[in-house]
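Starting from the structure of chain V, add chain L where the hints point.
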Amino acid sequence: MSGDQGAPIVSAVDLRRTFGEGEAAVEALAGVTVDFPEGRFAAIMGPSGSGKSTLMHLLAGLDRPTSGTVTLAGKTLTDLDDRALTQLRRDRVGFIFQSFNLLPVLDARENILLPLSIAGRAVDREWLDQLVSTVGIGDRLDHRPAELSGGQQQRVAVARALISRPAVVFADEPSGNLDSKSSGEVLALLRQAVDDFGQTVVMVTHDAHAASFADRLLLLADGRIVHDGPAGTADEVLDLAKAIG
Amino acid sequence: MGKLILRGFAERKVRALLTGIAIALGVALMAGTYILTDTINNAFAEVFATSYENKAVVVTPKEALGPRSASEASSITQATVARVRSVPGVAAAAGSVGSQATLLRSNHTRISSGAAPSLVAGRQPSRFESFTAAKGHLPSAEDELAIDQATAERAHLKIGQRLIVAGRSPARTYIISGIAKFAGSESFGGTSIALLTPAQAQYVAASHGTFNSINVAASPGVAPGELASRVRAALPKTLTVRTGAQEAANQTANLEEELGFLRTFLLVFAYVALVVGAFIIFNTFSITVTQRMREFGLLRTLGCSRAQIMRSVVLEGLLLGIGGAVAGLFIGIALAPALDQLFKAFGADLPDSGTVLQSRTVIVSLLVGIGVTVLSGLFPAVRATRVPPIAAMREGVSIPPRPLPSRRKLIARFLVSLVIVLAISAATHSKAIVPILLIAWGIRGAVLYSRVKRAGQHRRYRVIPALGRTIGLIVSWRGIMGRLARENSVRQPGRTLVTALALTIGLGLVAFISVLAAGTQATVEAAVKRSFAGNLIVMNTQAGQGIPSAVAPAVRGVSGVGSVTAVSFTQGRVRDISKTGAPVIDEKSAITAIEPQSFTKMYTIEWEHGSAATLASLRSTGTVITKKFATLHHLKMDERLSVLTPSGKHVTLTVRGIVKEEVIGLMSNLTITSALARSDFGQREDGVDFVSYAPGASGSRVQSGIDALLKRSFPQAHSQTAAQYTKEQSSKVNTFLLLIYVLLALSVLVSLFGIVNTLILSIYERTRELGMMRAIGASRKQVRQMIRYESLITGLIGGVLGLVIGVVGAVLVTTFALSGSGYVLSIPVGTLIALLVAAALAGLLAAQLPARRAAKLDVLGALASE
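Quick note, the sequences are listed as chains V and L, same order.
Per the working numbering, numbering of the first sequence is gapless, rising by one per residue and ending at 606.
Per the working numbering, numbering of the second sequence is gapless, rising by one per residue and ending at 1051.
Extracted from the complex, chain L is given alone in its bound form:
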């Protein structure tokens, strides 16, 4: 039996290859994702481990709201350092300063083009210093700076060149005195690091004598763990004390968690490709089972049991799965650096040092690849067992359909599944599973009903022939070949449907996402138009990064500026304390901080309760919440909330107003005053400044005045009019869209292999027909044309279905999930037309090989074939 399978593979090389590729590509993306993220994690883990090697104990501010939530203002002062030094067993302790900053060349171009932030660090006493000079020397003068080697190489920086460093204070220029390695590594991920003297680092960070952390060295004979507990005992609870090794592990874990999203993001695309692959395997196996009916019938006649037939088909799937998955794994290893390059191209610079292939990657990739293949081949395998022995003798024997389950069996199954689902639902306190069951049984019922309806008559699908014939109209005017292609494409509607559906998945997602993206762009535009009442928006040129709070006062000084209001974004853990009993809210929430006097002049608020006066009298005890948040947690006016701030403080806020803020708006769940954000939330940066012109001032003159100021002192920021802002947001959405399209292209590629496979199999079935056509005078060119048209129609069926499903899906999602949130629906007609053209091209591309094979058929051989 095993020999038979292997022989079969050898005879159907092209099919095995195409089907194998279908599964290999999905596995490759999966393996590539694991390898890429493992490599990144590993690179960071090494860097962290090395950099904390010479630190016995590290003191950092407590992150009250979880990892990476430390307040922008540190509570570690020189006095804290002194207290640590006085702990017995401490050989040395030094405060360390570091912050995010923007590095620019002297011509004001940014050094890192990617989204990875640049960091500035201050020099440490030599026993703690993680930097070593690879060239030149580490900064010793106040105007000197060392830059990490990877950045220097990437940006072609040389010793003696000037760099502008823009942090939380007005920018300053430094001379590169050295090229440095960090913890023995040339790069710190994709992050650029500039090393300054301690005083300059404090200036850039605007830390006013505070430190981000304290590095502690132990006296001989004192174990790090012992020292850590001694230091902990000497310090307030607002500080975290860890050993160097713990801190390295902590940093690594935080980073892995942050990169987890990247892994999930990429894996989604891998799974989409695998689902498409599953469709193709299912289709290929179904077709070959039909084509091999004689063979199966013969085997049955010779005494093969149904189980043996089943085993032979499943084994074929298993072999194919192993081949595809192993190939996928190897492609994945090659793909990982390519993915890295892809992200680089889209502005996310990730580290890449060596390739990390964990055994988990190998196991998961192989298991998933093989599992998907075997499962997809299972149903066709079961069908193969129903081939009657008579099929060996006669042509045109069809596989009998599965007998309909009896009514009693159906009811029993329904009740059992209902009980199970209700039990799960009760155990997990979740009702979500019940509708899923009902939907599943609804579909099952519909399928059974349609089977009963057409029992006894030939199985017919109606939608696909209608769709195929309609789409076929675009080729049927091309004479008999177009006409034949139109009919051939719907000859096996089930087969065409599954082939087209594989393409539909990829294209449907593209359509879905493009509609969502167009809506997002339209919503941003509408939101800006509706809410923004100022003239200019000042923000960091890099998305997600803040601007120094010194910007707003500086802009206020520019001639022609009427008023400036700064908006900043922080976070807190919100608890409801008005109600007795257990807190009904306990969630980490984004919080917007505003300047109450000027904010309403430049931002239009739609009040549910309250008015502009509410904001003016907000003070540090009041908050304004959104209607959505209020509804979600049943909050009313004058209720009191307790908020845990990033600084670890608890503030009590009273709800003074409720606003109808829409999906894309500045106001988060809670809005507080900037003063409170500074004092209790440790807020030191602003998110965005709004500017309005003084009456009678010339807009363009004021903007160029502001730009001149920003270029001089805050080169990381720029000013935009509402139109410029909207346009920039649009282009950011488009960049992200492009990334998604590139990743979805893989699924489309997989479905192309499916079309190729189906075409080759149908051509094989129609060999004699093609031979006859060639005999009575159809040219090779005409045969090629017919196959191409056929494939074009299949591609377009996939495209049309994808378009309909994607657009309808997006419309439903936005209508139900985002109703009342101000989401503006927008249909990107141009993109959707391009999608259809792409589907047509995909069909034509897939037809190349099969068309050539069909045209090359030997006429006599084809006529003689069965």
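Next up, chain V with everything else stripped away, as it sits in the complex:
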């Protein structure tokens, strides 16, 4: 059921990535071909060393493949130089990190607006207000990250990822550093972004509960996709992961 709802916004063809050289070479990705249709929430899971993070880095233009191509919002990333790649990330990609990565010297509002500030783009007030009320940090906007809880920080990070209306948001273990309550809130937010704003989200996680928020589940093992199907409930995800093992 992979590519049948909407056009793909990100796609990879026969993606390979090798680290190191000679005998010490490790093949992190061994030929991955995958499409991510617009407006869907995909979760990528897999055991440590399965290549799930490498895949996300390549899809997001943070790393370059050894061979194969990545296309994001109509641009072939492998053709772009560093400057163009940086610009593409700035304008078309949103990021959510496990450790929030907010700038400690800026308050919450400034952190949310950071991608626009970097790009020198005007702020869409309505969009900002809508995002702020969606992530629910309206009363904390003037606080610096040190004054916010982990959950609040990650919600600010979600707003930051969405503010530039990117083609795709990549989330790297977004709930990894959060307690279960905050974790649920943040994942629900991502779900809401997909449902209400038509946002495309690609999330890497090792948490079956997190993956259950997604529409689609990709399982990676030894650098290859070993399962691609609907996500289902947390238990179903867990069973699948165990089966593949």
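Calculated directly from the structure, the hints in this document are not laboratory data.
Just so it is clear, CB atoms sit at the ideal spot from N, CA and C, and this is done for glycine as well.
Keep in mind that a hint or two might mislead.
Here are the simulated DMTMM-like pairs of lysine to aspartate or glutamate, each with C-alpha atoms no more than 25 Å apart in a straight line [as the list claims (entries may be wrong)]:
| # | chain 1 | residue 1 | chain 2 | residue 2 |
| --- | --- | --- | --- | --- |
| 1 | L | LYS1041 | V | ASP424 |
| 2 | V | LYS436 | L | ASP1043 |
| 3 | L | LYS247 | L | GLU314 |
| 4 | L | LYS966 | V | ASP468 |
| 5 | L | LYS821 | L | GLU772 |
| 6 | V | LYS542 | V | ASP600 |
| 7 | L | LYS422 | L | GLU248 |
| 8 | L | LYS529 | L | GLU338 |
| 9 | L | LYS821 | L | GLU793 |
| 10 | L | LYS773 | L | GLU824 |
| 11 | L | LYS966 | V | ASP442 |
| 12 | L | LYS812 | L | ASP771 |
| 13 | L | LYS896 | L | GLU329 |
| 14 | L | LYS966 | V | GLU471 |
| 15 | L | LYS773 | L | ASP823 |
| 16 | L | LYS966 | V | ASP452 |
| 17 | L | LYS917 | L | GLU710 |
| 18 | L | LYS786 | L | GLU913 |
| 19 | L | LYS1041 | V | ASP452 |
| 20 | L | LYS1041 | V | ASP442 |
| 21 | L | LYS343 | L | GLU327 |
| 22 | L | LYS917 | L | GLU443 |
| 23 | L | LYS366 | L | GLU338 |
| 24 | L | LYS896 | L | ASP328 |
| 25 | L | LYS1041 | V | ASP440 |
| 26 | L | LYS1041 | V | GLU382 |
| 27 | L | LYS912 | L | GLU710 |
| 28 | L | LYS966 | L | GLU950 |
| 29 | L | LYS821 | L | ASP761 |
| 30 | L | LYS966 | V | ASP440 |
| 31 | L | LYS966 | V | ASP443 |
| 32 | L | LYS966 | V | ASP424 |
| 33 | L | LYS917 | L | ASP892 |
| 34 | L | LYS845 | L | GLU772 |
| 35 | L | LYS813 | L | GLU772 |
| 36 | L | LYS1041 | V | ASP443 |
Just a sample of chain V residues kept apart from chain L, beta carbon distances all over 10 Å, derived [to be verified]:
| # | residue |
| --- | --- |
| 37 | VAL374 |
| 38 | GLY381 |
| 39 | VAL387 |
| 40 | GLY435 |
This is chain L only, laid out in the frame that chain V set:
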């Protein structure tokens, strides 16, 4: 443990290098200074030793007021020479004549451009002659002259060329007959020497049959020491008799003492650079101790004792100090000739023959370099010992502050230090140390108070964030990168402060000195305007050198000249003899000699006691003193002073008047008549002549008349109007300022390395943050920009602090130290603005390397880092 330290160095190469350079530059200037001055001393010592080799005994006038104070008139006559010849054991004796003079090409340009004087010497009988002809022959005819080889080479002089020699008599032209070596050496320091026939040397020196010294040769079998005592017994007490070796040693010692000021002057800048280096080492060690908390915590967990941690950090400092100091020593060896060139460029030509590296230079440079490094690293090392083992497990553990000392301990310490200070004060009869103690305890108290106030809360410095944010406004309009730079620059206020302070030291001194210099220029101008009532000032074109006393009468003869008054400067040891008991004054003092009849016509005096009539009736028994001197020594009108003159005479002077002379004025502590200066002080030269025009005379015509005369007969002198004089003094101050700026630039350079170091360390701390920014789309250019702005702000904080401290310091010093002295305060706004621009540029320059490093960060690696 040792292995761990070395491993650490290898991993932090750039930091070790930058910190090492910070200490190396100061050490280099120190070593360079020692090497340069040792080299100069050594060169002179050799020349003196050689030149006195063939003289068993040397007779010179006694220097009643200490070295280099001999009166301009010598008491050695032909009769003295004859008396020496009659002493048994004397094989030969000859009077020698020499004097300062100005050497000029036939187109009237000076030969030596530097401040080093030129000397003229008369030929000696061959057994005493120190000169040998390298080319041509030594002068045998009255119109011939030989010039030293170094000068000939420097000034491109050839045999057969004409030279003008201007001494104390009207100038004469000579033909170069030979190029000479002096005592086997090509040069006599930077000094040019012209050798003339004895008669011509006497003419140039206007010595009227007297000699500067007598060279004596011993008969075979008579030891120099024995001969010296025989000669001494035959001569009056006003003459000094030394063996040749003693005289060489004496001359060398005098010269070393004179050069001592140069050494001190340069060492001051070396110490400033070292203090700046100390700041940087302290800062670097503090930052790395913070960054290595995990490592220290781990070591503690593994069972390392606090002492071991402390030792490891101190050892790191020691290694760094050794590296920096050794590197500094080598740079210093290379720097010594460069310093020499620097002084040449500023007009002080010093000799340079070979490089003298004394073991003292090596020992002092290494000790100071290593000592400063270890001491600066000590405090951070103590902090490292307080890292708790838990730091290995958790992030965000902070080093607990030092516990506050108990009240009882504080009081005990205060009392102990007070007792010690009072004891020292009593032992040295000096009260100066007591306020220092009180100030020190005041600062200690303030620090403790502020620690108590903020105990329990996060440490915050308020001034620096406020200053940084304000200065940051100049970049915050440049979008988010400017905004971030502004915040980042004050993120660690303590760190920013120490980094900026390193720059502040250098720039603060520049600001301080520039304000003092501007004030000096303004004061000179005001003093000239207030006091000088004549039309022209005639003086030597070279500062500090006099003009022949024949100038004044000659100028008087120029048509259109109304009157001329000559002012000369001498010295004496002043004693108060009016009071009973021990003399209250016993000091060597400058003395001004004036022509009482004409002086007041051209110099406005503000009298405290007395009037122009006082001067007119001064005669050779009276003196006028300044109010400052009178106040200092509680002198009143009609008190009597005894003055020992350079000729060794005692004159008794009665205070006839007191003047309110200001800081830059002609009148020294004592003013006497020129007649007395000539008769009893042996004064033969004038310092300056004042000229006023006759009524109705055309100023420009009179000045060109005077200039024509000076060019013809006294080419070492020139005439200036008050405006020209003021302008020339200003430009001299500026030249000196430039020299100081060049030397202070070294300290600023050292502080730049400090900024670079701090930036690199902060970037290292913020690796993940930078990675995130790059990931969400910040370009390399934007990252570079952010780091540059950050550094710009740090530079400007240093600049602003330096400016404030320098200007306030200068204003305080001039207000308190020079109050009532007529010092005019002047703020050189242009220089100070340039200073701020320089601080900004320094910040931008320092950011180059760190900015490039930050922009080159690998995004994925940075994101993965802790």
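Now the hints, each set against the structure:
A threshold of 25 Å between alpha carbons decides the hint, and for LYS1041 (chain L) with ASP424 (chain V) the separation of about 14 Å falls inside it, so the pair holds. Our distance criterion of 25 Å between C-alpha atoms is met by LYS436 (chain V) and ASP1043 (chain L), whose separation comes to about 23 Å. At most 25 Å may separate the alpha-carbon atoms for a hinted pair to count; LYS247 (chain L) and GLU314 (chain L) meet this at roughly 23 Å. For the proposed pair LYS966 (chain L) and ASP468 (chain V), the alpha carbon gap of about 24 Å is at most 25 Å, so the pair holds.
Straight-line distance between C-alpha atoms of LYS821 (chain L) and GLU772 (chain L) comes to about 18 Å, which keeps the hinted pair within the 25 Å bound. Taking the CA atoms of LYS542 (chain V) and ASP600 (chain V), the gap is near 23 Å; set against the 25 Å cutoff, the hint holds. Restraint check: the Cα-Cα separation between LYS422 (chain L) and GLU248 (chain L) comes to about 11 Å, which is no more than 25 Å; the hinted pair holds. Of the pairs offered as hints, the one joining LYS529 (chain L) and GLU338 (chain L) holds, with about 16 Å between alpha carbons and a cut-off of 25 Å not exceeded.
Taking the CA atoms of LYS821 (chain L) and GLU793 (chain L), the gap is about 11 Å. The hint holds against a cut of 25 Å. For the hint pairing LYS773 (chain L) with GLU824 (chain L), the CA-to-CA distance comes to about 18 Å; that is within 25 Å, so the pair holds. With a CA separation close to 14 Å, the supplied pair LYS966 (chain L) and ASP442 (chain V) stays within the 25 Å bound. Between LYS812 (chain L) and ASP771 (chain L) the alpha-carbon distance is near 18 Å, which keeps this suggested pair within the 25 Å criterion.
Restraint check for LYS896 (chain L) and GLU329 (chain L): satisfied, since their Cα atoms lie roughly 21 Å apart, inside the 25 Å limit. This hinted pair checks out: LYS966 (chain L) and GLU471 (chain V) have alpha carbons roughly 21 Å apart, not beyond 25 Å. Annotation: proposed proximity of LYS773 (chain L) to ASP823 (chain L) holds, straight-line Cα distance about 21 Å (limit 25 Å). About 17 Å separates the Cα atoms of LYS966 (chain L) and ASP452 (chain V), which keeps this hinted pair within 25 Å; it holds.
Proximity of LYS917 (chain L) to GLU710 (chain L) is assessed by CA-CA distance (about 13 Å); at most 25 Å being required, the pair is judged to hold. For the proposed pair LYS786 (chain L) and GLU913 (chain L), the alpha carbon gap of about 24 Å is at most 25 Å, so the pair holds. A hinted pair counts as satisfied when its Cα atoms are at most 25 Å apart, and LYS1041 (chain L) with ASP452 (chain V) qualifies at roughly 21 Å. At most 25 Å may separate the alpha-carbon atoms for a hinted pair to count; LYS1041 (chain L) and ASP442 (chain V) meet this at roughly 14 Å.
A hinted pair counts as satisfied when its Cα atoms are at most 25 Å apart, and LYS343 (chain L) with GLU327 (chain L) qualifies at roughly 19 Å. Proposed proximity of LYS917 (chain L) and GLU443 (chain L) is supported: the alpha carbons are some 21 Å apart, at most 25 Å. The suggested pairing of LYS366 (chain L) with GLU338 (chain L) holds, with an alpha-carbon distance near 12 Å, which does not exceed 25 Å. Note on LYS896 (chain L) and ASP328 (chain L): the hinted pairing holds, with a Cα-Cα distance of about 20 Å set against a maximum of 25 Å.
The suggested pairing of LYS1041 (chain L) with ASP440 (chain V) holds, with an alpha-carbon distance near 21 Å, which does not exceed 25 Å. Note on LYS1041 (chain L) and GLU382 (chain V): the hinted pairing holds, with a Cα-Cα distance of about 23 Å set against a maximum of 25 Å. Under the criterion of a C-alpha separation no larger than 25 Å, the hint pairing LYS912 (chain L) with GLU710 (chain L) is consistent with the structure, at around 9 Å. A threshold of 25 Å between alpha carbons decides the hint, and for LYS966 (chain L) with GLU950 (chain L) the separation of about 20 Å falls inside it, so the pair holds.
At roughly 11 Å between alpha-carbon atoms, LYS821 (chain L) and ASP761 (chain L) fall within 25 Å of each other, so this suggested pair holds. About 21 Å separates the Cα atoms of LYS966 (chain L) and ASP440 (chain V), which keeps this hinted pair within 25 Å; it holds. For the given pair, LYS966 (chain L) sits about 12 Å from ASP443 (chain V) by alpha-carbon distance, which is consistent with the 25 Å threshold. Between LYS966 (chain L) and ASP424 (chain V) the CA atoms are separated by roughly 19 Å; this keeps the pair inside 25 Å, and the hint holds.
For the given pair, LYS917 (chain L) sits about 22 Å from ASP892 (chain L) by alpha-carbon distance, which is consistent with the 25 Å threshold. A threshold of 25 Å between alpha carbons decides the hint, and for LYS845 (chain L) with GLU772 (chain L) the separation of about 21 Å falls inside it, so the pair holds. Taking the CA atoms of LYS813 (chain L) and GLU772 (chain L), the gap is near 15 Å; set against the 25 Å cutoff, the hint holds. Pair hint LYS1041 (chain L) plus ASP443 (chain V) holds up; C-alpha atoms about 11 Å apart against a cutoff of 25 Å.
The beta carbon of VAL374 (chain V) is kept farther than 10 Å from every beta carbon of chain L, the shortest such distance being approximately 22 Å. Interface exclusion of GLY381 (chain V) from chain L stands, the closest Cβ pair being 15 Å apart, more than 10 Å. For VAL387 (chain V), the requirement that its beta carbon stay farther than 10 Å from each beta carbon of chain L is met, with the minimum near 15 Å. Every CB of chain L lies more than 10 Å from the CB of GLY435 (chain V), the least distance being 18 Å, so the non-interface label holds.
The earlier numbered hints are all upheld by this structure, with none contradicted.
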